[in-house]
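Visitor: Sequence:
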Amino acid sequence: MAVRTTLTWNEEKSLQKLLGNVSLILLYKSTVHGNRISNMHDRCIRQGSTVTMIYCPTNSFGIFMLGHYPEISESFRKPNTSFYFSLQKNKTMEMTGAFLNSTSKISNDQLEFQFSISPVQYLSLDLYNRTIVIPQLLMEKLGLNSDLRYRVLECEVFRVEGIKDAAGYINRITRATQHRNSLLADLRAYRPYADLVSEIRILLLGPVGSGKSSFFNSVKSIFHGHLTHQAIVGSDVTSITEQYRIYSVKDGKDGKSLPCMLCDTMGLDEKEGVGLCVADIPHILKGCVPDRYQFSPHKPITPKHPTFITSPSLKDRIHCVAYVFDINSIDNLSSKMVAKFKQVQKEVLNCGVAHVALFTKVNNCYEVLQDNFLKMNKSMISQSQIQNANKMLGIPLSNILVVENYASEREMDPLKDILILSALKQMFRAADDFLEDLPLE
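Read in this note's numbering, the sequence shown has 180 at position 177, and its numbers run on one by one without any break.
No wet-lab data here; the hints were simulated from the structure. It is possible that some hints are incorrect.
To be verified - List time: in silico DSSO-like cross-link candidates among lysine-lysine, alpha-carbon distance up to 30 Å:
hint, residue 1, residue 2
1, 302, 274
2, 16, 144
3, 307, 144
4, 274, 144
5, 20, 307
6, 16, 32
7, 32, 20
8, 428, 16
9, 253, 318
10, 364, 349
11, 394, 274
12, 302, 349
13, 289, 20
14, 108, 253
15, 349, 274
16, 32, 108
17, 302, 108
18, 259, 318
19, 345, 307
20, 289, 144
21, 253, 289
22, 318, 302
23, 259, 428
24, 349, 289
25, 349, 394
26, 302, 253
27, 349, 307
28, 259, 16
Keep in mind that this is a model prediction, so the values were computed, not measured.
Start from the sequences, fold in the hints, and give me the full structure.
Guide: Following this line, the structure appears as structure tokens:
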């Protein structure tokens with residue numbers, strides 16, 4: 004009977020992507036092959052690069068080693084760079100990692116790692132007594148602040164096949180994951196300006212098929228830790244969204260809601276009587292349109308409608324508008340569609356609402372950001388689509404955001420997450436600017 008890994012499907016796919024889209028071959032599982040380091044050694048020696056996974060009650064720890072597993076010896080072997088990481092078993096499966104120069108040995112039925120920058124600190128794995136001791140140095144690198152000694156539930160070792168530029172690739176993905184986690188922390192800690200409202204409302208406006216509903220699905224997926232499709236997504240020619248939807252975003256399946264609402268609308272169309280009616284937009288901006296209102300392209304909502312909100316408060320209003328465009332089609336917008344967007348922009352400006360532009364369907368999210376993940380590459384900024392949006396809507400380059408939404412993928416990608424979370428963070432800032440600029444009364 005085949006031995007199966009403890010990793011979930013998503014965890015295994017994430018680990019494969021982290022290491023450069025490699026294959027993982029399970030060599031050893033402690034509960035099957037024996038709870039001794041010697042058992043591990045016999046099955047893993049001379050197998051090439053490996054990943055050792057140590058499963059504990061609240062965390063899983065991993066060690067990726069380039070080269071062969073250590074021989075049984077009383078002395079440490081030649082140092083090499085290993086990648087240590089931690090998977091925290093929380094709502095979104097967040098990972099932290101660190102590259103450390105270390106030496107390893109197997110002695111007294113324990114696997115030990117000694118770190119070059121602090122030779123007195125060891126990582127020690129004892130499978131017989133089911134414990135792993137993690138030194139303070141590594142705890143700090145992994146952002147952990149609990150006990151140094153953990154109880155081991157299971158240990159597995161995988162052979163890594165198909166590895167290429169492992170160190171460079173893992174280094175970039177690790178830094179991306181750390182930046183992603185930092186963005187998640189910032190968004191979780193966000194509070195609207197001066198607590199004027201408990202939640203900000205962001206309106207997604209754009210042509211049919213531009214990616215408005217997909218953006219909401221992508222945001223929700225990141226905070227849930229897996230792909231979700233709550234908002235139904237349409238094609239490039241037919242709008243699926245016919246209701247006005249006000250979506251909350253929960254931090255995990257049973258977590259509390261984030262202090263923001265994403266408002267999804269029917270797509271704009273260049274033809275009259277098709278798509279979102281421009282006359283509906285002022286009412287949406289002012290907070291007069293309720294959730295699940297059924298749009299009519301021929302007839303905008305009026306104060307006589309039974310669900311019309313006649314006296315909306317500040318919390319009901321839109322605090323930021325995101326104009327959503329498919330980056331591959333904005334250069335081909337018809338003159339009628341450009342005219343309609345300028346009409347929409349006029350309504351947004353009349354209401355004094357902050358606004359950003361959101362480009363979706365970028366071809367390669369890996370080429371959008373500079374290595375520090377903080378700024379767009381200059382080659383991206385100079386693209387005609389970015390410049391056209393800047394001229395057409397008068398939106399500053401700093402408020403033109405680029406994302407690649409999740410569509411048919413089955414696993415999460417930290418670089419996609421960075422673009423989506425950075426865009427959401429910029430929308431939060433724009434909403435704060437709107438709130439700060441309100442008259443004192």
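Visitor: What are the numbers of the hints the structure violates, in ascending order?
Guide: 3, 4, 5, 13, 14, 17, 20, 26
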